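Asker: What follows is the residue order along each chain.
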Amino acid sequence: MNDNSVHRKNTKGGGAAEGSSTPTRFVTTTVEVEGRTETRVVEMPAFALEPWGADAALTHVGARARRVDALVKAAGRPGYTTDIRRPHQVHASIVRAHVARGRVVSVDTTAALALPGVLDVLLAADAPARTKLFSSEITYYGQPLAAVCAESVEIAERAAALIVVQVEKLRHSSTVAQAIAPDAEPVRPGLANNLLFKEPRTNARGDVTAGLAAADVTITREVRTPCVLHTALEPHSAVAEWDGDHLTVWESTQGIFRVRDNLAKNLGVPLTNVRVICEAMGGGFGAKNYAAAHTYIAALFAKRLGRAVSCVVDRAGEQVDTGNRPSSVQRLTIGATKDGRLTAIDLVAEVPLGIGGWEGGPGEIYHELYACPNVRTHETFAFVNSAAMAAFRAPGHAEGAVGLEMGMNALAEALKMDPLELRRRNIATHDQKKNRPYTGNRLSECYDEGARRFGWSAWGNADSRRVPGKPHLRRGVGVAAQIWSTGGGPPSYATVRLNSDGSADVLAGSQDLGTGTRTILAQVAAEALGHKLESVRAIIGDTGATPYAGNSWGSMTVASLTPAVRMAAVDARNALLDAASGLLNAPKDLLDTRDGRVIVRDTDRSMSFGEVTTKLGNVMIQGHGSRGPNPQDAGIVTTGAQFAEVEVDIETGVVRVLKIVAVHDAGRIVNPTLAESQLEGGIIQGLGFALFEERVLDTRMGLPLNVGLHDYKIPTLADIPLIDGHFLDGADVQANHVGARGIAEPAIVPTAPAIAGAVADALGVAVLELPLTPWRVLAALKHQTGKSR
Amino acid sequence: MDLTLNGRRVSATPAGDATLLDLLRDSLGLTGTKRVCDGGACGACTVHLDGRPVYSCLTLAHGCDGHEVRTIEGLGSAIAPHPLQEAFAAEDAAQCGFCTPGQLMAAASLLASNANPTDAEIVAAMSGNLCRCGTYPKIVRAVRRASAVLRSETV
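Heads up: the sequence lines are chains A and B, in that order.
Take the first sequence: its position 37, counted from the start at 1, is 37 in my numbering, and no numbers get skipped.
Take the second sequence: its position 110, counted from the start at 1, is 110 in my numbering, and no numbers get skipped.
If we strip away everything but chain A, and leave its shape as in the complex, we get (with noise of 0.2 Å):
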C-alpha cells in the first residue's frame, strides 16, 4: 500500500488564517447513533485514502495482537476512577428518596453535621439549577435529594443515613396501565400528559390492511420483555479536584468529551477550565454516557472544600438509579403467503420508559431485518415513576427481536416449515426504512456458515429432541438474525506524533470501556506507519491531551476513529519520508516503511525511524486526522446469526443453554481476539436478558424489589454454553477507508429469541415472556398439557 503521496484537497494553513476557507470544507452527513440518525457538519479531510480493500497485504491489522494494557488489569491497576487517590481527597455520599413520588417538606441536616469527621453538605439551594440537583418533586424511587462530604466513605455513608428527609407522599404510576388512566396525575412536573411525544407514535410504509389479506396464513402473539439493569461492575464514579477556577474531573465514562461540556455548561465554567480523565474504566453498556448527579456532587463539593472529592454510586444507588432496558409488550401480527414470503408485519408496543427516556423501542428492527412490503409500528413510550432508561447495548433492537423472531417461529410453525428457511426467504436485500442500498448485507452467508459450524440441518426429527436414559429433559434449537446500524462516524480526530527516538505516540480523545480502543488504535496506526505494534502507544482518555473524539456508544468507536488515526498516521509518515529523503539520499516515492524502518526499495539501505528523528533533533514530526463523512446514499449495518441449542427439564422447569454459534458480518475485523471477547460479552448478556435477569418493581407502592447482586442475578461461570463465535472476512470498502463496521451491539440482539425459540422448540410450546425462569416453562407446559386434554 502506497501512501508516499498524499493530495491536499484543503490546507490548514496560512489560508484559512486570512479568512478564505475552501467551499467544500466543511459538509453536512448523517451518523446512525443507538437506532436515531442525526445530521453534523463536517469538516473535510484534509486528503483522501484509498480504502484497505479485503485482499489489502497488512501486518497489524486483522492480527491477534494482544490487548495492551492486558497485564496491567491483570495487575489490577490500569487507572480506574473509583482507584483514583489524590492528596487530601474526601469522599461524598448520596441521599436518596425512597417513595415513588412525591414532594420533600423538609430536610433536617443536624445530626448529619454533628457526626465527628463530616465536613459539607449539599441540598437544592446549594446547587446550581442547571445541574439539576435535587429536586423537591420526587419522581422515582431513588432519586437524589441530598449529598454529605466526610473524611472517610464509611463517615459520609452514616451520616447520610443521618439526615432527616420529611416527605408528603404523592399517588404514583409504575405500569403504562397506571400512566395513562384518564385520572393519572403527571408523573412528573410540567407533563401535559404521561406520554412520551404527548401520543403513542406509528411508523407505517405500505398497506398493512392490505398485505394481511392478501396473507395465506397470520400468526398473533402477545411477547413481553422485562426491564433490565447494565449492572457494570465498576459503579458510577467520579473524583473532582479544583485548582483555582480549573477543574479537574476523573469519571468512570462512556464520553470524555461529553462529560467536560455537560460540566462546563452546568456549572458555568469555561470549556479550557475544565479537563476530564478517564484511564480505565469497569465497564458501561450504554449507562455511562453524561455527568450525572454524582459528578456534578463531587465538583461542587470539591469547590466549596478546597479538596478533591470522591463520590462514588454505591451497588444499591447503581441498580436503582443509573439506567436500565425498559421492559416491553408486543403485540405482533405477521402475514405471509404459503410459500413464506412477508406480506405484512403488524407491531403494537407498550414501553414503560421510567421517568425519563427516548424512543428507542422494539419497533424499528420490525421495519429493518426482514423484507416486507407492509409494516406498522404502534408504539406507546409512557413516562412513569421509576429510573430512566438508558441506552442499553443495543436499545430497542434487543427487546424488539425477541417479540419479531419469536413471531417468525411461530410462522413457521403455521406454515410447517424450517423457521431458518423461513428467513433465508426474506432476507432485507436493502434499507426498507430509507429506501437506499446497504453498503453490504451478508446475512445469507451468516446463516449458511452458522447453520454448518452448528450442525442445524441434523435437528430434523422429533427423536433429536430427547436424551436417552433421561426422561425429564428435552433439547432444542432455535436460530436469530440481527441487523443494527454500525456505519460510526465524524466528528473524530486524532494526532499521531513520532518521538525523537523514533517511537510514536497517537492520540484521540476517545476511552476504552474494556472493549480494546487502545489497542485498536495502536494496531491502525502502525499499521499505517510501517511501525512495530510495541512501539505505538495510544493516549487517549484525556481531553487535556487529545483531540476530539465523540461518545464509545452505538457500536461507533471502530468505524468513527480508526479512519481519523490511519489519516494522521499517514500524515505523519509523510513528514517523515520527507525528512529521511534527504538523509538516504533518496527520492521519495522510491521510501517504503516496514517494522520501523524507511528502507529504499531494491536496495540494501534503510534507516530506523529513531534515527531519523534523532537527527531532527526537536523537530517534532506529527500527523493530523480527521473523520470524513458518511456515504450518504446507503445504509451501513452490521447483521448476523445465532443458533442456540438447549436442554429443558420438564419436572424442574430449569433452561440450560449448550451452545451457542454466531456468525456476524461486520467488514473489516481489526483484531479478531478482541472482536471475539465482545460478541461472548454480547452473547453472555444476552443469555442473561433471557434466563434471568428482571429488575422487579412493586407496582402497588413503585419499589424496586432486587436491588443487589443477590436478587438481580447476572450469568456466571456455571451458566456458560460452548460459545463459538465467528465473523466473516471481508472490508466494507464502502463504509469508511478502513473497512471496518462495528460488534457490540449487534453481538447481543439474537441471542435472547435464539434461545427463546430453542425452549419452545424443547418443549412444543413458546414461553412468552423473558426471562425464561422456571416457573415461566412450568406454567407453560401446564397450559399445554390442559390444551391438549
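Please note: incorrect hints may appear among the correct ones.
[As the list claims (entries may be wrong)] Lysine to any residue pairs mimicking SDA-like chemistry, simulated, CA-CA at most 25 Å apart:
| # | chain 1 | residue 1 | chain 2 | residue 2 |
| --- | --- | --- | --- | --- |
| 1 | A | Lys-265 | A | Gly-356 |
| 2 | A | Lys-532 | B | Ile-79 |
| 3 | A | Lys-659 | B | Leu-58 |
| 4 | A | Lys-713 | B | Ile-79 |
| 5 | A | Lys-433 | A | Gln-632 |
| 6 | A | Lys-713 | B | Ala-120 |
| 7 | A | Lys-303 | A | Glu-151 |
| 8 | A | Lys-169 | A | Ser-106 |
| 9 | A | Lys-470 | B | Arg-141 |
| 10 | A | Lys-532 | B | Pro-81 |
| 11 | A | Lys-470 | B | Gly-40 |
| 12 | A | Lys-713 | B | Val-140 |
| 13 | A | Lys-713 | B | Leu-58 |
| 14 | A | Lys-416 | A | Ala-210 |
| 15 | A | Lys-659 | B | Arg-141 |
| 16 | A | Lys-659 | B | Ala-120 |
| 17 | A | Lys-265 | A | Arg-188 |
| 18 | A | Lys-659 | B | Arg-144 |
| 19 | A | Lys-532 | B | Glu-86 |
In short, the hints are calculated from the structure, not lab data.
Remember, predicted model here, so these are calculated numbers, not experimental data.
With chain A fixed as given, assemble chain B onto it according to the hints.
Answerer: Chain B only, in chain A's frame:
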C-alpha cells in the same frame, strides 16, 4: 493489630467495624482489590486469608490480626506477572478488567489446592466471581493454560 500482608508485617488501627476490604483499599492504599457489591455477592474483592480465598468485604479487619493476607499486589505485577496473570493476558480473559483481580485470586487458590483441575472443577471453584463483560470462556482457558505452565515448572 498486625498482619502479614503480601509477605510483609504491617501494623494498622482500623475501626472496629472496618472490613478487610476497607483496610486494604482505604487505609493501606492497595486498590487492586475491587469493591463492587460490598455484600458477598460478586467475588470482586477476593483475597487470600491464610492461603484460603475469602470475600474481603465480608471479613472483619480485626479478625485478620496475626494472620496472613495475600492480595492481587502480592500475586505478581505487570512487570513480573504470576503465570496466571500472564495466562489471563494471553487468553484475553480481561475486558474491562474490574473483576479480574478477584478472578485471579480465586483461580490462584484453586490451583494451589488442585494443580490440574478439570473444566468442571474450574467452574465449581470460580462461579462465585461475577463478570459482566463476558470473559468467562476465556477465564476457563486461561486457568487451564496457567495450570499447564505451573505443572511444567514444578516438574
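Asker: Does each hint fit the structure? Answer for all of them.
Answerer: These are the hints, each one checked on the structure:
1. A:Lys-265 <-> A:Gly-356: holds, 21 Å
2. A:Lys-532 <-> B:Ile-79: holds, 20 Å
3. A:Lys-659 <-> B:Leu-58: Violated, at roughly 36 Å.
4. A:Lys-713 <-> B:Ile-79: At roughly 36 Å apart (the allowed maximum being 25 Å), Ile-79 of chain B and Lys-713 of chain A break the hint.
5. A:Lys-433 <-> A:Gln-632: Within the cut-off at roughly 14 Å; holds.
6. A:Lys-713 <-> B:Ala-120: holds, 21 Å
7. A:Lys-303 <-> A:Glu-151: Between Lys-303 of chain A and Glu-151 of chain A the Cα gap is close to 16 Å, so the pair holds against 25 Å.
8. A:Lys-169 <-> A:Ser-106: holds, 13 Å
9. A:Lys-470 <-> B:Arg-141: Answer violated: Lys-470 of chain A to Arg-141 of chain B is near 30 Å, above 25 Å.
10. A:Lys-532 <-> B:Pro-81: Holds, at about 23 Å.
11. A:Lys-470 <-> B:Gly-40: Violated - the C-alpha atoms of Gly-40 of chain B and Lys-470 of chain A are around 36 Å apart, more than 25 Å.
12. A:Lys-713 <-> B:Val-140: The given pair, whose Cα atoms are some 21 Å apart, holds under the 25 Å limit.
13. A:Lys-713 <-> B:Leu-58: holds, 20 Å
14. A:Lys-416 <-> A:Ala-210: With Cα atoms ~24 Å apart, Lys-416 of chain A and Ala-210 of chain A stay inside 25 Å; holds.
15. A:Lys-659 <-> B:Arg-141: It holds: about 17 Å lies between the C-alpha atoms, which stays within 25 Å.
16. A:Lys-659 <-> B:Ala-120: Holds, at about 16 Å.
17. A:Lys-265 <-> A:Arg-188: holds, 24 Å
18. A:Lys-659 <-> B:Arg-144: holds, 20 Å
19. A:Lys-532 <-> B:Glu-86: The hint holds at about 22 Å.
Against the hints set out earlier in the document, violations occur for numbers 3, 4, 9 and 11.
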